[in-house]
Amino acid sequence: KAGVTQTPRYLIKTRGQQVTLSCSPISGHRSVSWYQQTPGQGLQFLFEYFSETQRNKGNFPGRFSGRQFSNSRSEMNVSTLELGDSALYLCASSLLVAGARDFGPGTRLTVL
Amino acid sequence: GESVGLHLPTLSVQEGDNSIINCAYSNSASDYFIWYKQESGKGPQFIIDIRSNMDKRQGQRVTVLLNKTVKHLSLQIAATQPGDSAVYFCAETNGNNDMRFGAGTRLTVKP
Numbered sequence: 001k002a003g004v005t006q007t008p009r010y011l012i013k014t015r016g017q018q019v020t021l022s023c024s025p026i027s028g029h030r031s032v033s034w035y036q037q038t039p040g041q042g043l044q045f046l047f048e049y050f051s052e053t054q055r056n057k058g059n060f061p062g063r064f065s066g067r068q069f070s071n072s073r074s075e076m077n078v079s080t081l082e083l084g085d086s087a088l089y090l091c092a093s094s095l096l097v098a099g100a101r102d103f104g105p106g107t108r109l110t111v112l
Numbered sequence: 001g002e003s004v005g006l007h008l009p010t011l012s013v014q015e016g017d018n019s020i021i022n023c024a025y026s027n028s029a030s031d032y033f034i035w036y037k038q039e040s041g042k043g044p045q046f047i048i049d050i051r052s053n054m055d056k057r058q059g060q061r062v063t064v065l066l067n068k069t070v071k072h073l074s075l076q077i078a079a080t081q082p083g084d085s086a087v088y089f090c091a092e093t094n095g096n097n098d099m100r101f102g103a104g105t106r107l108t109v110k111p
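Each protein sequence line maps, in turn, to chains A and B.
Note that the working numbering has the first sequence beginning at 1, numbered continuously upward.
Note that the working numbering has the second sequence beginning at 1, numbered continuously upward.
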């Protein structure tokens with residue numbers, strides 16, 4: 001089966017810009033969750049979507065938002081980028097609601 | 001300013017030995033636990049999971065042990081191979097997919 005795909009894989013932005021990242025889950029998976037991974041904070045949960053509804057949200061500012069489409073594909077958006085937003089952003093999909101089973105390769109975002 | 005990275009615990013083992021990676025979790029209400037393996041440049045890879053109504057679960061060459069009394073989780077890898085070299089994370093959730101991850105342990109397998 002095809003795995004979770006994320007686009008783009010690498011992205012360079014400047015402070016103040018906004019960015020949109022995309023995630024396509026494994027076919028049939030309806031839960032998509034997003035995570036931020038940095039050397040300083042490790043892996044942190046951003047939010048989770050199920051059937052186009054945000055079911056849970058981590059402790060991140062409102063600049064971080066997301067959505068899920070009817071085909072389960074998901075996007076996350078970060079507005080007014082800050083240097084500290086530089087990170088690997090990971091998406092995971094699951095058949096079940098709880099537990100991120102399958103991760104994508106991530107999008108490496110660098111903010112200059 | 002300079003950012004301070006997480007200091008990952010490290011474990012170095014000889015090829016063929018067994019490895020034990022430990023994790024302490026924080027939420028006594030967590031009822032589902034997962035171990036992941038992350039290789040350089042890749043996303044985390046699911047290894048094995050366990051629910052809170054179990055204290056042991058075995059997979060292929062891996063065993064997860066759960067001690068709810070002391071909120072401790074361990075991953076045992078039998079006959080460790082060079083391909084097992086990676087960072088290993090534990091994660092906990094109480095069913096709402098608000099997952100909390102450990103800092104990770106870097107496993108190095110010496111041939």
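Hints should not be assumed to be uniformly reliable.
[As the list claims (entries may be wrong)] Which chain A residues face chain B? A few, computed with CB under 10 Å, are given here:
no.	residue
1	Tyr35
2	Glu48
3	Pro61
4	Ala100
[Unchecked claim] To spell it out: a stretch of chain A is covered by chain B in this simulated footprint if at least three of its residues, at any positions, have a beta carbon under 8 Å from a beta carbon of chain B; those stretches are:
no.	segment
5	24-30
6	39-47
[Claimed, not checked] Distance ranges between label pairs, derived from CB positions:
no.	chain 1	residue 1	chain 2	residue 2	range
7	B	Gln45	A	Arg73	39 to 49 Å
8	B	Ser26	A	Thr38	33 to 43 Å
9	A	Gln54	B	Lys110	37 to 47 Å
10	B	Gln45	A	Ser22	15 to 25 Å
Hints are computed from structural coordinates only; laboratory data are not their basis.
Glycine is no exception: its CB is placed at the ideal position from the N, C-alpha and C atoms.
How the hints compare with the structure:
1. Tyr35: The hint holds - Tyr35/A has a Cβ within 10 Å of chain B, the shortest such distance being about 8 Å.
2. Glu48: 4 Å, holds
3. Pro61: 17 Å, violated
4. Ala100: Because about 6 Å separates Ala100/A from the closest Cβ in chain B, which is inside the 10 Å limit, the hint holds.
5. 24-30: Not satisfied, violated; 0 residues make the cut.
6. 39-47: This one holds; 7 residues, not fewer than the three required, reach chain B with a Cβ under 8 Å.
7. Gln45/B x Arg73/A: 39 to 49 Å: Cβ of Gln45/B to Cβ of Arg73/A: about 22 Å, so the range 39 to 49 Å is violated.
8. Ser26/B x Thr38/A: 33 to 43 Å: Since Ser26/B and Thr38/A have Cβ atoms about 19 Å apart, the given range 33 to 43 Å is violated.
9. Gln54/A x Lys110/B: 37 to 47 Å: Because 45 Å falls inside the window, the suggested range holds.
10. Gln45/B x Ser22/A: 15 to 25 Å: Once the Cβ atoms are compared, 21 Å apart, the range 15 to 25 Å for Ser22/A and Gln45/B holds.
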